[in-house]
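Participant: Spelled out from the first residue to the last, the chains are:
Number of protein chains: 2
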Amino acid sequence: MALYVKKFGGSSVATPEKMRNIARRILSERQPGDQIVIVVSAMGDSTDDLLALASQVTKDHFGREMDMLLTTGEQVSIALMALTFQAMGVPAISLTAAQAGIIAEGAFSKADIVDVRPDRVFRELDAGKIVIVAGFQGVTSEGDVVTLGRGGSDTTAVALAGAMKADMCEIFTDVDGVYSADPRYVPDAVKIDEITNEEMLEMARLGAGVMQPKSVEMGMRYHIPIHVRSTFTKEAGTIIREETTMNHTQFAVRGVAQDAHIAKIAVLGVPNVPGMAYSVFNALAENHVSVDMIVQSIRSADTDKTDIIFTIDNNDLDEAKKVLEALKQEGGVPDVIYSDDKAKVSIVGAGMLGAPGIAARMFGALGRSGVNIDIISTSEISISCLIPRTDLTKAVQAIHKEFFGSEQA
Amino acid sequence: MALYVKKFGGSSVATPEKMRNIARRILSERQPGDQIVIVVSAMGDSTDDLLALASQVTKDHFGREMDMLLTTGEQVSIALMALTFQAMGVPAISLTAAQAGIIAEGAFSKADIVDVRPDRVFRELDAGKIVIVAGFQGVTSEGDVVTLGRGGSDTTAVALAGAMKADMCEIFTDVDGVYSADPRYVPDAVKIDEITNEEMLEMARLGAGVMQPKSVEMGMRYHIPIHVRSTFTKEAGTIIREETTMNHTQFAVRGVAQDAHIAKIAVLGVPNVPGMAYSVFNALAENHVSVDMIVQSIRSADTDKTDIIFTIDNNDLDEAKKVLEALKQEGGVPDVIYSDDKAKVSIVGAGMLGAPGIAARMFGALGRSGVNIDIISTSEISISCLIPRTDLTKAVQAIHKEFFGSEQA
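Sequence order for the protein chains is A and B. Going by the numbering used here, the residue at position 36 of the first sequence is 732; the numbering climbs one at a time, nothing skipped. Going by the numbering used here, the residue at position 406 of the second sequence is 1102; the numbering climbs one at a time, nothing skipped.
No lab work stands behind these hints, which were simulated from the structure alone. Please note that the accuracy of each hint is not assured.
Same chains, same names: a pair is fine if it fits in one copy or spans any two.
Said to hold, decoys possible - Heads up, simulated DSSO-like pairs for lysine-lysine below, C-alpha to C-alpha not over 30 Å straight-line:
| id | residue 1 | residue 2 |
| --- | --- | --- |
| 1 | 1001 | 887 |
| 2 | 861 | 887 |
| 3 | 825 | 755 |
| 4 | 714 | 755 |
So that you can see chain A by itself, here it is in the shape it has in the complex:
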């Protein structure tokens, strides 16, 4: 007897037939006494259809009225899902975010859940019903409906699981878990059975998709294990949970992540006086350009000049150029070199700190593959290398083989 929150995304509920499949699966896996809360997104392309409708009246796709419009998508899903269970003779009820007590605040289209008051959810569960809650939405203290932004339905599920002290939050998706590397780069990547919230956050930050950081952070805050698994198979996926439950020495490196869209910017010959780095990075920040890796080195031959080298997302390169060329005009920086052909490969693992030689093994694997390392950066649970984009696949495969080779047998 346990309390489960199960989240199904838009592609999992795209048609009435898919909804029936989900309902059958849930009923077949339910143990006597289990209480089930289901969080669903809008059906398949329905959000795109609503956006297309909105495009006929306005070019502005954000704000209160867009949220009012888009949240109908989840409301359709929850109603149909409840009707699906009822048609099978199983008591079920759908609840909007307002009815389920999902309280949110912040800007429309990207609000944050600030409180969950699941009284009604408990009451309906206690009445023996399967409860279906609209994902991706919240209600403000004024009673306005807001959407939660990308990955919002995952956040709904984890927040609800947290507030209800559920035994498990299951995120059903079209992949069957988190992998030791992106299978598009490493076909023999292995599914990770367990990963800590910190590792998952670091993987996401370093380029691994699957879960949005917001949901993972929420799972960490509420101490709720999150099971990421496939809608289409019954096999276990990846469980994201607090680190204390796992054996680290066995998995010093949890996974390999990569980001193919990195640009490198070198600001050369900057006067080595206080505040120079600040002026560069402040100008970028004011224009919403996020900087990732940073290296600053004093030229050995010319100690009053310094080079500042850093990386940004390739998509931000045009904006960064504008900012830096303006600085150059003002005489703030002497010369800038832009490279838009970089990539980043990283290893992540909470156990790396206690396992010496990990970094050396990573650099060795890259070296033997003939991959030059441009910049190295480290965090407590990760090591990242900037490399040429053309070497990315080779690099990911070499590193994965170094750390996971034995598991491929």
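With the hints as your guide, set chain B onto chain A.
Facilitator: Frame of chain A, contents of chain B only:
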């Protein structure tokens, strides 16, 4: 400076282009200081689309989850309507029934508005916004969304106008008002400028469409004038208001109504003892068959026998047959004759009581046209005649000519 509640039905908001037309019209007619609340239904066929979707998961089209599903239709309309105004640079906000304080109770799919708490509506109006409210829906004290049944958006508009003490509730529709007769029967029927709530209710009861009785009753209860007018022209339509404002002697007969779907049932030779009529009508009532006109006559040649003759809606005839044949089997009634080829023609006017000779003029018009009268029934403000269905058009035209002939010149 006035407060208006304006309701637009599904066909009026069927496309973004039609929404723009409505917005342009409202803005062009708005006087400085006017406050505008708009009530809209779901766009065109969108309710049918949702029903088709529901049909794929269930055959049961009533209940909480169907209401959850269908109310998304109005939510889409209000959001798009608000976006339409915003795109024109006009502040506007959409409100669901819950946000607008439309409190309802009763069965799902046909709930009744029991209270309106328009605090938020007033607040948004005072902030200079046009407020767009979802029609056809209400919220229960438990926070459930319910629909109001047929004509529900009209009811929303009138209830809101009543609670807000609006100066006028305008119902925009695809006809340009209430007519002295159904134009399908009488092509030269004239638009009625003003009609009392009682007359309108009687017209509706006797077969004239246009407005659902629930909305008219609500207008009467809240003393709110209702202006039924065309979405497509700027001409005034028909104002439904309390009778004291109008001159009755001029319009003893306000209009002609007809109902083409009447069945007549004659229960013959019933023993003339107390309780016989009760046993017949009670059995029908228990099976939800509503009886309209009733005549009971004692046979002159056989004073211990009586004939009970009455009319019902043609659609209820099969059910009535079942009930009465069962009574016959039990020996409760000796013989029953069913006729499914009747129609009813009526005249309605609150001034008829004070204008003698009205009934005689009606019967005369029918007689000159060769229409036999089967049953006559009267109320304080109407006279109805049961006639053969094949004579209905002739009858409606003759009566209309008798009372409105002079206006056709």
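Participant: Checking an output row: residue 825 and residue 755, CA cutoff 30 Å. Within, between, both or neither?
Facilitator: between (42 Å within a copy, 20 Å between copies)
Participant: Can you tell me if residue 861 and residue 887 fall within 30 Å by alpha carbon in one copy, between copies, both or neither?
Facilitator: within (27 Å within a copy, 65 Å between copies)
Participant: First find the shortest C-alpha distance between residue 1001 and residue 887 inside one copy, then the shortest across copies, and answer within, between, both or neither for a cut-off of 30 Å.
Facilitator: neither (48 Å within a copy, 90 Å between copies)
Participant: How do residue 714 and residue 755 come out at 30 Å by Cα distance, when the copy is not named: within, between, both, or neither?
Facilitator: For residue 714 and residue 755, the Cα distance is within 30 Å only across copies (18 Å; inside one copy 33 Å).
The earlier numbered hint that this structure contradicts is number 1, and it is the only one.
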